[in-house]
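Trainee: Following the hints, position chain B against chain A.
Number of protein chains: 2
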Amino acid sequence: MNPQLTEHIKQFASPTEEDLALLFEEVEYKAVGPKEFLLKEGQFCKFQYFVLKGCLRLYQINDRGNEQIFNFGIPNWWITDLDSLINHTPAKKYIQATKKCEVLKFSRVHLEKVMAVSPAICNYFRILLEKVKVADQRKMEYSLKFSGEELYHHFCSKNPAFVQEVPQYMIASYLGFTPEFISKIRGKK
Amino acid sequence: MNPQLTEHIKQFASPTEEDLALLFEEVEYKAVGPKEFLLKEGQFCKFQYFVLKGCLRLYQINDRGNEQIFNFGIPNWWITDLDSLINHTPAKKYIQATKKCEVLKFSRVHLEKVMAVSPAICNYFRILLEKVKVADQRKMEYSLKFSGEELYHHFCSKNPAFVQEVPQYMIASYLGFTPEFISKIRGKK
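If you're matching them up, the sequences are chains A and B in order.
Just so we're aligned, residue 349 is where the first sequence starts under our numbering, counting upward by one.
Just so we're aligned, residue 349 is where the second sequence starts under our numbering, counting upward by one.
Hints are computed from structural coordinates only; laboratory data are not their basis.
Treat the hints loosely; a few may be bogus.
[To be verified] For lysine-lysine, the following DSS-like pairs were computed, each having C-alpha atoms within a straight-line distance of at most 27 Å:
1. K394(A) with K358(B)
2. K440(A) with K378(A)
3. K440(B) with K388(B)
4. K479(A) with K394(B)
5. K440(B) with K506(A)
6. K479(B) with K479(A)
7. K440(A) with K479(B)
8. K383(B) with K448(B)
9. K532(A) with K493(B)
10. K358(A) with K479(B)
11. K532(B) with K383(B)
12. K481(B) with K440(A)
13. K493(A) with K440(B)
14. K481(A) with K506(B)
15. K401(A) with K388(A)
16. K506(A) with K401(A)
17. K388(B) with K378(B)
18. K447(B) with K481(A)
19. K493(A) with K532(A)
20. K440(A) with K506(B)
21. K378(A) with K401(A)
22. K401(A) with K447(A)
23. K394(B) with K358(A)
24. K487(A) with K506(A)
25. K481(B) with K447(A)
26. K493(A) with K506(A)
Just chain A, same shape as in the assembly (with noise of 0.2 Å):
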């Protein structure tokens, strides 16, 4: 069993001691350079990663060539691409590591074995994906009230996880900002 994702999961949940032996059962301990990607376009998506140590992103290439960043895997979070793991088709995009990186790596079967039999872990899950949901309404909220350096400084204020964790510009990647905007940041750096 791993302490840092008990104490993770028990911030949320009940798990009886059954729930984590049967959760930890099948589990892989995976060290991550930076820049090495855990999933690259085109490949099928089997696994979700709690972040240990580090920071990862998810992010596609656009049709103009520029990365856009979907969501970022900071420690005591879940990093995986929802798109391909659950409609079983080729992933679109990428998850990177930013820096060097400690993760668990769990395979969705073994997940999904779990979820359906233990009502704390799956109960673990559906209270982090309502607190996704939330975010992603309140960043919606956020970009149409905000300019774009107003809203860029607002997150920044609001995710202090985010700031140490992650460079600038790619916080401005993840709001949506134009690569010219990324750049004008950049360069007050």
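Mentor: Only chain B this time, still in chain A's reference frame:
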């Protein structure tokens, strides 16, 4: 028990008769008139609604006095103000029927009790939330990829059920368009 919701749950999970009996132990059938509110700004949201017929919208009035639509509830979908619901804070949003509706009203307290003991019901909601996350990611992807009008037409082609239920200008608001753009689309109608 309600056959429409039972059928919907069985599309995604495998509930036992006991799971369903427990779920439907506390539920209220509710007819909702056009423009009637299920939630107003400032109230605490304590319910999740399964839409049997009609259409509802979750929206917020922004600082400029414009309505910003976050979600729709069309038949066989759920609608709530998740932010107020999970954070126990006064709602910043409204839930309003866009036409005559029929809904099933479940209290959050009851649903949490059910999900705590029923992996099937918990997995049902977890799977829906995963689908919502993927839909939100695609919306973000398309909103950066397409021009306003392209995005509107792409969304309509991919979501024919919405187009049947939801007035055009509300879809445009949901896609984050300005009131001016929405007027333009309404003018073309």
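Trainee: Would you mind marking each hint as holding or not holding in the structure?
Mentor: Status of each hint after checking the structure:
Distance hint between K394(A) and K358(B) is fulfilled; the C-alpha atoms sit about 24 Å from each other, no more than 27 Å. Distance restraint check for K440(A) and K378(A): the Cα-Cα separation of roughly 23 Å lies within the 27 Å cut-off, and the hinted pair is therefore satisfied. For the suggested pair K440(B) and K388(B), the alpha carbons sit about 8 Å apart, so the restraint of at most 27 Å is met. Between K479(A) and K394(B), the direct Cα distance comes to roughly 16 Å. Compliance with the 27 Å bound is thereby established for this hinted pair.
For the proposed pair K440(B) and K506(A), the alpha carbon gap of about 18 Å is at most 27 Å, so the pair holds. For a cut-off of 27 Å, the pair hint linking K479(B) to K479(A) stands: about 14 Å separates their Cα positions. Our distance criterion of 27 Å between C-alpha atoms is met by K440(A) and K479(B), whose separation comes to about 16 Å. At roughly 8 Å between alpha-carbon atoms, K383(B) and K448(B) fall within 27 Å of each other, so this suggested pair holds.
At most 27 Å may separate the alpha-carbon atoms for a hinted pair to count; K532(A) and K493(B) meet this at roughly 21 Å. With a CA separation close to 25 Å, the supplied pair K358(A) and K479(B) stays within the 27 Å bound. Distance hint between K532(B) and K383(B) is fulfilled; the C-alpha atoms sit about 24 Å from each other, no more than 27 Å. Taking the CA atoms of K481(B) and K440(A), the gap is near 15 Å; set against the 27 Å cutoff, the hint holds.
Proximity of K493(A) to K440(B) is assessed by CA-CA distance (about 14 Å); at most 27 Å being required, the pair is judged to hold. For the given pair, K481(A) sits about 21 Å from K506(B) by alpha-carbon distance, which is consistent with the 27 Å threshold. For the proposed pair K401(A) and K388(A), the alpha carbon gap of about 21 Å is at most 27 Å, so the pair holds. Between K506(A) and K401(A) the CA atoms are separated by roughly 21 Å; this keeps the pair inside 27 Å, and the hint holds.
The hinted pair formed by K388(B) and K378(B) meets the criterion: a straight-line CA distance of about 17 Å does not exceed 27 Å. Only pairs whose Cα atoms come within 27 Å are accepted, and K447(B) paired with K481(A) is accepted, the gap being roughly 26 Å. Restraint check for K493(A) and K532(A): the C-alpha separation of about 21 Å stays at or below 27 Å, so the hint holds. For the hint linking K440(A) to K506(B), the alpha-carbon distance of about 18 Å falls within 27 Å, and the restraint holds.
Distance restraint check for K378(A) and K401(A): the Cα-Cα separation of roughly 11 Å lies within the 27 Å cut-off, and the hinted pair is therefore satisfied. For the suggested pair K401(A) and K447(A), the alpha carbons sit about 9 Å apart, so the restraint of at most 27 Å is met. At roughly 24 Å between alpha-carbon atoms, K394(B) and K358(A) fall within 27 Å of each other, so this suggested pair holds. Our distance criterion of 27 Å between C-alpha atoms is met by K487(A) and K506(A), whose separation comes to about 11 Å.
Distance check on the hinted pair: K481(B) and K447(A) sit about 26 Å apart at the alpha-carbon level, within 27 Å; holds. At roughly 15 Å between alpha-carbon atoms, K493(A) and K506(A) fall within 27 Å of each other, so this suggested pair holds.
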